[in-house]
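J.: So the chains spell out like this:
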Amino acid sequence: MTEQKAELSVLGGRFIKAFHHMISTVKIHQENNQLIKESITHFAKALSEISGGMELEMLLWRGRFFIQGEKLHYRKEIFSLINEMLDYFPQRGLRGLIFRPNFKQSSLKEFVIFARLLNESAGREDPPGWLEKQFKAYEISWVEILKEMEEPPELELKKKEQARQSYMHAMVAVKEVAQKVSQRSVAGIRKARRLAQTMVDLVLDDESLMLGLTTIRDYDDYTYTHSVNVALLAMALGKRIGLSQIFLEQLGICGMFHDLGKVEVPKEILLKPDMLNTGEWDQMRKHPLIGVHRVLNLHASREMKSRAAVGPFEHHLNYNLTGYPKTHFVNKVTLFGKILRIADTYDALTSERKYRPRAFSPDEALRLMWSKVGEDYDPILLKMFVNMLGLYPVGTILKLDTGEMGLVVDYPRDDERTRPEVLLLEDDGQGGLKGGKTLSLEERDEKTGSFLRNVLECHHPTKLGLQPAQFYLQEAS
Amino acid sequence: MGDSDSKEDIQLASVEERQSDNTLTGPSEEEWQAAEKVLTSLQLARKNYSLYPENHVNCERALEQFWLQLDTFLRVYGDLRFDLDKDKLIFQGEVILSEPPEEGNLPFTLFRDGIQWLELQRGIDSDEVEQFLRLLNRYRVLSAEPEGDLVTALWEAKFPHIQYYVADMFWGAEPEFDLTVSPGAAEEDGEAVEEEDKESAKSECFPPIEQSALKMTPEEEAELREMVRTEEKRDPVVEYLDILLDSLMELREKENFVPVLESLEDVFHDSLARKQFEVTLKILKSLHFVRKTCATETTWALPLIDNFFLTASSAKSLRPLQTAWLDMDTDEISQIKQVLILLQPEAIQTLGAMLIETSSLALQKMLLEVILVLAHRDVKPLETMLARPEEELVQKLVYVLGRIDGERSTQILAKMIHHPSPRVRHEALKPLLNRGTIDVKGLFHLIEDKNDAIRRLFLRYMGQERNKVSETLLLEYLEEGKMKRSDDEHIIACFRTLGRCGSQRSIPFLKKMLLGRGWLPSFKKTSYRQGAAFALQSMGTEESREVLQEASKSLFPSVKGIARKILEGQAKQRQGY
Numbered sequence: 039m040t041e042q043k044a045e046l047s048v049l050g051g052r053f054i055k056a057f058h059h060m061i062s063t064v065k066i067h068q069e070n071n072q073l074i075k076e077s078i079t080h081f082a083k084a085l086s087e088i089s090g091g092m093e094l095e096m097l098l099w100r101g102r103f104f105i106q107g108e109k110l111h112y113r114k115e116i117f118s119l120i121n122e123m124l125d126y127f128p129q130r131g132l133r134g135l136i137f138r139p140n141f142k143q144s145s146l147k148e149f150v151i152f153a154r155l156l157n158e159s160a161g162r163e164d165p166p167g168w169l170e171k172q173f174k175a176y177e178i179s180w181v182e183i184l185k186e187m188e189e190p191p192e193l194e195l196k197k198k199e200q201a202r203q204s205y206m207h208a209m210v211a212v213k214e215v216a217q218k219v220s221q222r223s224v225a226g227i228r229k230a231r232r233l234a235q236t237m238v239d240l241v242l243d244d245e246s247l248m249l250g251l252t253t254i255r256d257y258d259d260y261t262y263t264h265s266v267n268v269a270l271l272a273m274a275l276g277k278r279i280g281l282s283q284i285f286l287e288q289l290g291i292c293g294m295f296h297d298l299g300k301v302e303v304p305k306e307i308l309l310k311p312d313m314l315n316t317g318e319w320d321q322m323r324k325h326p327l328i329g330v331h332r333v334l335n336l337h338a339s340r341e342m343k344s345r346a347a348v349g350p351f352e353h354h355l356n357y358n359l360t361g362y363p364k365t366h367f368v369n370k371v372t373l374f375g376k377i378l379r380i381a382d383t384y385d386a387l388t389s390e391r392k393y394r395p396r397a398f399s400p401d402e403a404l405r406l407m408w409s410k411v412g413e414d415y416d417p418i419l420l421k422m423f424v425n426m427l428g429l430y431p432v433g434t435i436l437k438l439d440t441g442e443m444g445l446v447v448d449y450p451r452d453d454e455r456t457r458p459e460v461l462l463l464e465d466d467g468q469g470g471l472k473g474g475k476t477l478s479l480e481e482r483d484e485k486t487g488s489f490l491r492n493v494l495e496c497h498h499p500t501k502l503g504l505q506p507a508q509f510y511l512q513e514a515s
Numbered sequence: 054m055g056d057s058d059s060k061e062d063i064q065l066a067s068v069e070e071r072q073s074d075n076t077l078t079g080p081s082e083e084e085w086q087a088a089e090k091v092l093t094s095l096q097l098a099r100k101n102y103s104l105y106p107e108n109h110v111n112c113e114r115a116l117e118q119f120w121l122q123l124d125t126f127l128r129v130y131g132d133l134r135f136d137l138d139k140d141k142l143i144f145q146g147e148v149i150l151s152e153p154p155e156e157g158n159l160p161f162t163l164f165r166d167g168i169q170w171l172e173l174q175r176g177i178d179s180d181e182v183e184q185f186l187r188l189l190n191r192y193r194v195l196s197a198e199p200e201g202d203l204v205t206a207l208w209e210a211k212f213p214h215i216q217y218y219v220a221d222m223f224w225g226a227e228p229e230f231d232l233t234v235s236p237g238a239a240e241e242d243g244e245a246v247e248e249e250d251k252e253s254a255k256s257e258c259f260p261p262i263e264q265s266a267l268k269m270t271p272e273e274e275a276e277l278r279e280m281v282r283t284e285e286k287r288d289p290v291v292e293y294l295d296i297l298l299d300s301l302m303e304l305r306e307k308e309n310f311v312p313v314l315e316s317l318e319d320v321f322h323d324s325l326a327r328k329q330f331e332v333t334l335k336i337l338k339s340l341h342f343v344r345k346t347c348a349t350e351t352t353w354a355l356p357l358i359d360n361f362f363l364t365a366s367s368a369k370s371l372r373p374l375q376t377a378w379l380d381m382d383t384d385e386i387s388q389i390k391q392v393l394i395l396l397q398p399e400a401i402q403t404l405g406a407m408l409i410e411t412s413s414l415a416l417q418k419m420l421l422e423v424i425l426v427l428a429h430r431d432v433k434p435l436e437t438m439l440a441r442p443e444e445e446l447v448q449k450l451v452y453v454l455g456r457i458d459g460e461r462s463t464q465i466l467a468k469m470i471h472h473p474s475p476r477v478r479h480e481a482l483k484p485l486l487n488r489g490t491i492d493v494k495g496l497f498h499l500i501e502d503k504n505d506a507i508r509r510l511f512l513r514y515m516g517q518e519r520n521k522v523s524e525t526l527l528l529e530y531l532e533e534g535k536m537k538r539s540d541d542e543h544i545i546a547c548f549r550t551l552g553r554c555g556s557q558r559s560i561p562f563l564k565k566m567l568l569g570r571g572w573l574p575s576f577k578k579t580s581y582r583q584g585a586a587f588a589l590q591s592m593g594t595e596e597s598r599e600v601l602q603e604a605s606k607s608l609f610p611s612v613k614g615i616a617r618k619i620l621e622g623q624a625k626q627r628q629g630y
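Here the protein sequences come in this chain order: C and G. For the first sequence, the working numbering gives the first residue as 39, with consecutive numbering after it. For the second sequence, the working numbering gives the first residue as 54, with consecutive numbering after it.
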């Protein structure tokens, strides 16, 4: 998380907590009660801090709060409170509020009226319309109501569009370089570096969005989507373990070019639907080394090549140095190599291949990889990877005990990765599926305290003929 | 897009506002002039940075001037922002600088890499400005297929007070695939079975991951931090080297072998220049190993590897050492010695030259030892070096040659006996004389060498033992008037040597020289007489003593005096004085 986003998360959490406290307090106490005074002072202070003297936009979209267009990340402590607020707004037909800077001139009494009106609007026929009238009547000019909002926040849209474009461009850039090195012509990496930088910025800004993109699969250009996916997964893991921006860029380059050697493997071997024979397998096993040779042909500095060569060479090398290529001089796998090994395997396992009946679902892939922890994969890094993706990684289709089907789109909290947020999938009336409500599997029944929805089964998105990224990016495209 | 990203909307909006405002008012005259001054000083600074080294006084002055103008502007008018086109900089909606869209020109340099606007903000300090100028200069002109550009450099630099917005200038209308199509629908591509899949495809059920197992322990967190710290600190060249070497071992195809060797050559040169001798050593040792493994099957690789060693041993390759060892410590000298020993003997030509260029005794010693090892493998490069005009160098190389056994070395040393430099001749003679297989007759001309030390050395050698050849040569030399030198010291030294190597056969001659009144001119008589007496003394035989006894009774006082003195000396010696 960038410093700016971390700050927003802290201030946003504080603001929603103060909001919640204010509306709860006015429900119980009289206007002159000291607790009301305190809660309003607290709210005004939180509002002042987060708005910084500017207009503050607070939106609710697909089960998430957005402050100034940025998705709000919640802390564990306020999660139940957030859940209450997530109900509070829809109950009043509210999609958001805009607080104007002139709230500073308003009296304590005005804040109390504002909070009470909000509370009271729940039972009205047209709560937003009613609220607007009341605000006008009480001359509350510092708050504006946002009613139905079909569109996502503008910044979110823009970010998704940028993410989508970066993904596509990265794929093209990898393809260009691969084709050039294959034809033995000079290939520079300026473009790839620029894309890696953009992807680093995006991963740092919104890891979930970028992980969502890694569910993109394309049969026509498998190697290239795979390369970009590996780069993104590696960068996200790199971010999690605290690699600096420059090293994330290098890791991204390693990921983008890790399969450069595949360009040289004959198509009939790459596309063979059956198991490979020994000769074919020997050919296949050469691709890491050929990849190294192609990296050597890049028009790049020695230092850049030094880093980039790790990608091709080590991505099939196991943690315990088994795997391939055979090593004589290399006596340990680098951190980049270990990360790429994990990212590469995960993306390969979750991709459709001609030689096997189906792709592994994301959670299945993680379980398989976990069964080889300490042998094929670095235990600490794999642990971080599983924690990053969650028990049901983004892109997993969940069958819920309510009979609903949901696509995992995110996790509301960084420290809890068992109950994701899902986009409910609904019949689009044309034989396909469309995205419906987004909700959290952490939601509980108010009376019993038990979870409202539980996971029954997990599926690979291809089972339903889905390209999960379509749902993440649909607004953008 | 760097740090500018989040500001994009606000910034672009404000440009529009400014531009629309300016249609009414425009910047004030003073503000415009201040911005122009900043630009002029920036242009001057860029020019100086392109002409002089960055630490040149002209660059420092130009930087100071730019910084001054910028700081003045920022304090009075706030952040300074320029919008960009390929051939112009726009300030507050008006063109403030116009230059043809050519490499090197400021608008083009920025625009070329996709920068749409650039803003210098309050709070910027001179260090940031200096770094910025360096980057501008470094990326004035972009090579074909470059590795990076100005935008990449700015992204990496993360300047806190320089913001910019970058457009996606690389992209046009690239085809995009349809995300609404399920990948399962297509059946054309895929990838062949990979190792992990072969196993995993068999099973569809894997045990669940226990939540408790996913919790990071404090130790693991510490280990992870250490992993990251090590990764960010490590020199990637070490792993790169291993990868290249493994690649040579595993991918035995000629077309791939050559570029790997070229890359290794690159690392080799760099490691030498950077004094990373452990890397240099690893390259050479490993290549020796690779060469061994090529000896049976991939013989085509042998000349390629040999060529690597030859290139590595060349003057061009080893020259960086001259700078590197200005401040080498003992450990480094020891390391580089191990490196140099693995080179080809051709390296002697460069190492020899270095030998006389360094004043460090430790380095000289190391170089001599290396040259010795290399010359043992092939003496020819050393032999070639012996034709060099530098006396000191040739002397040192002859010293090395003297430590190499064998016929060829002896032949070369014998040749060096004729070298014009007495120091070289002396250096060559010493080992030759020690070899014992020497042709005394062939070297006898040294008895007349102009250099005292050489003559003494040769005479000492001849006088080491009774030797017929030496005796004959000396007798002829002394008896037949072949001697060209006339100094007493030399004559006496020759006689003494004859006394040591000679036999009974010389006594008549010595007797004649001591007692006789023959052909010798009077100025030589004394030294011949003295010499003969000393020779007889050295012989120490009964016959020689008899001659000395006879001489001690001579009527000629000079003869008698010499003989008595010697006999008395001998008597004292016998009595133990």
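Everything labelled a hint here was simulated from the structure, so no lab data went into it. Small disclaimer: the values here were computed from a predicted structure and weren't measured. Any given hint might turn out to be false.
[As the list claims (entries may be wrong)] Distance windows between CB atoms, simulated:
#: 1; chain 1: G; residue 1: GLU273; chain 2: C; residue 2: ASP439; range: 32 to 38 Å
#: 2; chain 1: C; residue 1: HIS67; chain 2: G; residue 2: ARG175; range: 44 to 50 Å
#: 3; chain 1: C; residue 1: ILE284; chain 2: G; residue 2: ALA415; range: 17 to 23 Å
[Said to hold, decoys possible] Result set (DSS-like, lysine-lysine): computed pairs, CA atoms no more than 25 Å apart in a straight line:
#: 4; chain 1: G; residue 1: LYS503; chain 2: G; residue 2: LYS483
#: 5; chain 1: G; residue 1: LYS211; chain 2: C; residue 2: LYS277
#: 6; chain 1: G; residue 1: LYS335; chain 2: C; residue 2: LYS364
#: 7; chain 1: C; residue 1: LYS364; chain 2: G; residue 2: LYS338
#: 8; chain 1: G; residue 1: LYS286; chain 2: C; residue 2: LYS370
#: 9; chain 1: C; residue 1: LYS364; chain 2: G; residue 2: LYS345
#: 10; chain 1: G; residue 1: LYS338; chain 2: C; residue 2: LYS370
Think of the CB as a built atom: it goes at the ideal place given N, C-alpha and C, for glycine as much as any other residue.
J.: Checking each numbered hint in turn, tell me which of them this model violates, lowest number first.
T.: 3
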